Structure formats: structure tokens, C-alpha cells
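Quick note: the sequence shown uses UniProt numbering, first residue 1, plus one each step.
Quick caveat, the hints were computed from the structure, so don't treat them as lab data. The structure presented is a predicted model; accordingly, all values stated were derived computationally and were not measured. We put the beta carbon where it would ideally sit given N, CA and C, even for glycine. One or more hints might be untrue.
[Claimed, not checked] So the derived label-pair ranges between C-beta atoms look like this:
#, residue 1, residue 2, range
1, E151, S6, 44 to 54 Å
2, E151, K108, 31 to 41 Å
3, R173, E41, 20 to 30 Å
4, E41, V13, 18 to 28 Å
5, V152, V91, 19 to 29 Å
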Amino acid sequence: MIEIPSDLHKDLVPLAFLLGNWSGAGVHDFPGAEKCNFGQEVSFTHDGRDFLEYHSHSWVLDNEGNKVRPLESESGFWRIDADRKVEVTMVRNDGVVEVWYGELADKKPQIDLVTDAVARTAASGPYTGGKRLYGYVNSDLMWVGEKQTPEVELRPYMSAHLKKVVTPEDVERWAKALPDDMPDDGIAFFK
1 MIEIPSDLHK DLVPLAFLLG NWSGAGVHDF PGAEKCNFGQ EVSFTHDGRD
51 FLEYHSHSWV LDNEGNKVRP LESESGFWRI DADRKVEVTM VRNDGVVEVW
101 YGELADKKPQ IDLVTDAVAR TAASGPYTGG KRLYGYVNSD LMWVGEKQTP
151 EVELRPYMSA HLKKVVTPED VERWAKALPD DMPDDGIAFF K
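Please build the complete structure, drawing on both the sequences and the hints.
Below, the structure written as C-alpha cells:
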């Protein structure tokens, strides 16, 4: 279910499907790095201004699904204009700062992004750019990331399937929104 908060900046309504806390797992595979399964927590929040604030933390999982160690962390800001053009500024724990541009698909909650600018610190590894695809599919958030380095052509390196995290506050808010005339057994509601 996509909710549009009453205090969400009007320009961000097309990105409302991203809002919330998400958690799930995915696969990491890139030449020169460890191939692994990973867990991920992502949040998209807003404070009434014309951007979404984004945070992501991922960690390597062992064969039983237990956290082994941190994998990647990134934070940023997402904006969208009247023509459905999306811009993202992002900083990652490995010393990379990126500017991404893309577009929200027509009539579906899907965003394609491509790096426009990349800045790296001396401590960061080789990286020249990337692509990302985010999609809201059957109430889940899915994404795939591609990256390239001077030695490796653009190729997929991470993808994840994330589920919305439901809090007790969410359940309370939804319960208060139920109609007063709902049948006691709840079954008649679906007839």
C-alpha cells in the first residue's frame, strides 16, 4: 500500500512509493571482490522540504543468513522535477561521492538512474560510474546496481529484494483508519 503523507512536499508525491523503512537481502558479485549474499536496510524519509533523505546499510551474510560484517553504507538526497526527472546526490563509506540523474517511468513506479559525476578520495577503490534501477513490485522494493571501473566494463554487481518494515505505529494508524461500520466478524467486509 502506498501512503502519501499529508506533510509530504507536493513535488515528491511521484516518489511516495519509496517512503519508509525497507529490509531484505540480495547478491553481491563483482570481479576482484568477494561474491556473497548480503542483508540490507534502507530508509527513505522526508521533512517537508523538496527532497527525500536516503540511507542504506548492507552487510555480508553467512550461509545461515547471519550478519558477518558490514558491506556498504550510503546516504543521499533524492529530488524529482515536474518532468519526472530524478536527481540523486549520494556519498558512500568507501570515499565515493556521486551525482545520479534519471527518470521515473511513465505510469509505473520504476526509476532508472545513471551516474553523471563521480568524485573519489585517495582511499577509495577504482570506480568510474554506474547505473541503478529501482522498482516497486507487488508492494516490495527491488533494485539492481551496475558499476564500472577502468578495468571492468559496466556490469551488474548488486541486487536486492526489500520488504517494507511495519512498525507498531503503522498498525495503530491503519487500525484507526478502518471504517466504523466494519462487520464484527470482518468476513462480510470482503463480500
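Each hint tested on the structure:
| no. | hint | in the structure |
| --- | --- | --- |
| 1 | E151 to S6: 44 to 54 Å | holds, 50 Å |
| 2 | E151 to K108: 31 to 41 Å | holds, 35 Å |
| 3 | R173 to E41: 20 to 30 Å | holds, 21 Å |
| 4 | E41 to V13: 18 to 28 Å | holds, 25 Å |
| 5 | V152 to V91: 19 to 29 Å | holds, 22 Å |
The structure is consistent with each of the numbered hints, conforming to all of them.
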